[in-house]
Amino acid sequence: MGKGLSGFVHLHGTFGGSYTAFMLPGVMGMTVLFASIFSSVSIIWDRDLGFLKEMLVAPVPRSALVFGKILSGATVAMIQGTLVLVFSPFVGVQLSITGVMEAMGTMFLLSLSLSGLGIAVATRMTSMQGFQLVMNFLLMPMYFLSGAIYPLQGLPTWMSAIAHIDPLAHGVDSLKWALIRFHQFSLSVDYAVLGGLAVVFTLIATVLFKMEG
Amino acid sequence: MIEACGLVKRYGDFTAVKGIDLEVREGEIFGFLGPNGAGKSTMIKMLTTIVRLTDGLAQVAGHDVAEETDAVRSALGIVFQDPTLDIGLSAWENLYLHGLLYGLSRAAIRERADAVLAMMELQERRKDLVKMFSGGMKRRLEIARGLMHRPKILFLDEPTVGLDPQTRARIWDYVKSLRDESGLTIFMTTHYMDEAEHCDRIAIMDQGEIIALDTPDNLKRSVGNDVITLQTADDAQAIAALSANFSITARSVQGGVQFDAENGETLLPQLLARNLFHVTSLTLRKPTLDDVFMLLTGRTIREEDLGARDQLREAFRQRRNQR
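Chains as they are written, first to last, in this note's numbering: chain A, 4 to 216; chain B, 19 to 341.
These aren't lab readings, by the way, just hints derived from the structure by calculation.
Incorrect hints may have been included.
Sample of chain B residues facing chain A (criterion: CB under 8 angstroms; computed from the structure) [said to hold, decoys possible]:
| hint | residue |
| --- | --- |
| 1 | 68 |
| 2 | 91 |
| 3 | 103 |
| 4 | 119 |
| 5 | 123 |
Here a beta-carbon is modelled for each residue, glycine too, at the ideal position from N, C-alpha and C.
Kindly generate the complete structure, drawing on both the sequences and the hints.
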């Protein structure tokens, strides 16, 4: 596993550890990604089964419903990502209490932006198929330009630009900071982008959700 | 309890509701009758703050629907036409979630859930997943849920569509006992004539306007005692003959020539004996609300008039209820 790409990583990176250790933050990032998106799909399910109406008609502000969905998605995603840490001894990653705490915080923050994005898309989609189509279109570049499976080097400028605003790239990068002491962006930039995108996507999701129904 | 004045709803060029005045008293069972597309659902949506009014004013339970939406929503229980339960949860969990959405305390939720489940005779199934419920049970649970937060008015949008007659009767028993025991005001829409008979007052709606508003008995009396429909060889000749010889104003309808009379049983033999025109078949019916509608609009509200979309919905609902 990872043997094919590990040579590539050694040649181009300054990373001293094994490739499997390098992959761990990436796998955690991917777990968070899919958990967040999956939780936002619940909006489409709720709409199809009619349950969304019950929520829309209650004396509850729409923003509260959106925040609730985003927070619940982030909580689940964070827990699932943390479970991946179980593999760390097998891939050669040393865990510390602070490292784990930082990782959990990062995953929560990452999931806020991804859930927000998912909900923003889900409110506009009228079917599961439409949602999957759009999300795949967004997720594939997000994932391959995130530094999850290989370090980001030698990218043409436009790809590099995308990577710079890719929430997953910064999420995975800050996980690397927390766990394996290898990084490609500065930590402050990582948190700034994650925090900023979390706010932006949450706002977009709230606005779109208010137009629902 | 509900006061509406000049309600209008426009969707682009199409006006769904064309200026409606309405008043519903406390403790009343008020029915909204009319064919699909009449604007009944739009009316309910406006009164329950789901849809914004294009024009007019409405006050529900003393609160303005435009200015005090949350207060209105807290005073309302709504049971929609389509199911809105979370089928992945148990009955009790659905009630719990509803309690949270409506700001009830944990203790209140527990107490109310017990009360409403008992009212709808669903206590034994409280832990069961809604997925396993029959259509009638789901509807009862939705009514129970609508009552969780002690609303002042219960809105029922087509409450018994797709249910078998037994369940229908049972649900009406519950609804009536609710009103009798707690003075709950009930506002419902339906396109079933027989269901409208349960109401204290009915408004008949057609194409965005109210064309009649009164008690069921008064409305039926306004039609006259009996409705006679004659199939004739020549409708125009028949109408002319009826007018000239019996001073009867008849109307050309889908089934032939129709007119109302105080005592059809005695009039018909006289009419036929005169042999003024050829009658191929006749129907003598005591008035129903369908006749009221027919007389006011020249059309019926029967289910065959459902459009394609509503037929699909009906089919969906029946399949769901059979599970």
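Outcome of the hint check:
| no. | hint | verdict |
| --- | --- | --- |
| 1 | 68 | 6 angstroms, holds |
| 2 | 91 | 4 angstroms, holds |
| 3 | 103 | 7 angstroms, holds |
| 4 | 119 | 4 angstroms, holds |
| 5 | 123 | 15 angstroms, violated |
Checked against the numbered hints listed earlier, the structure breaks hint 5 alone; every other hint is satisfied.
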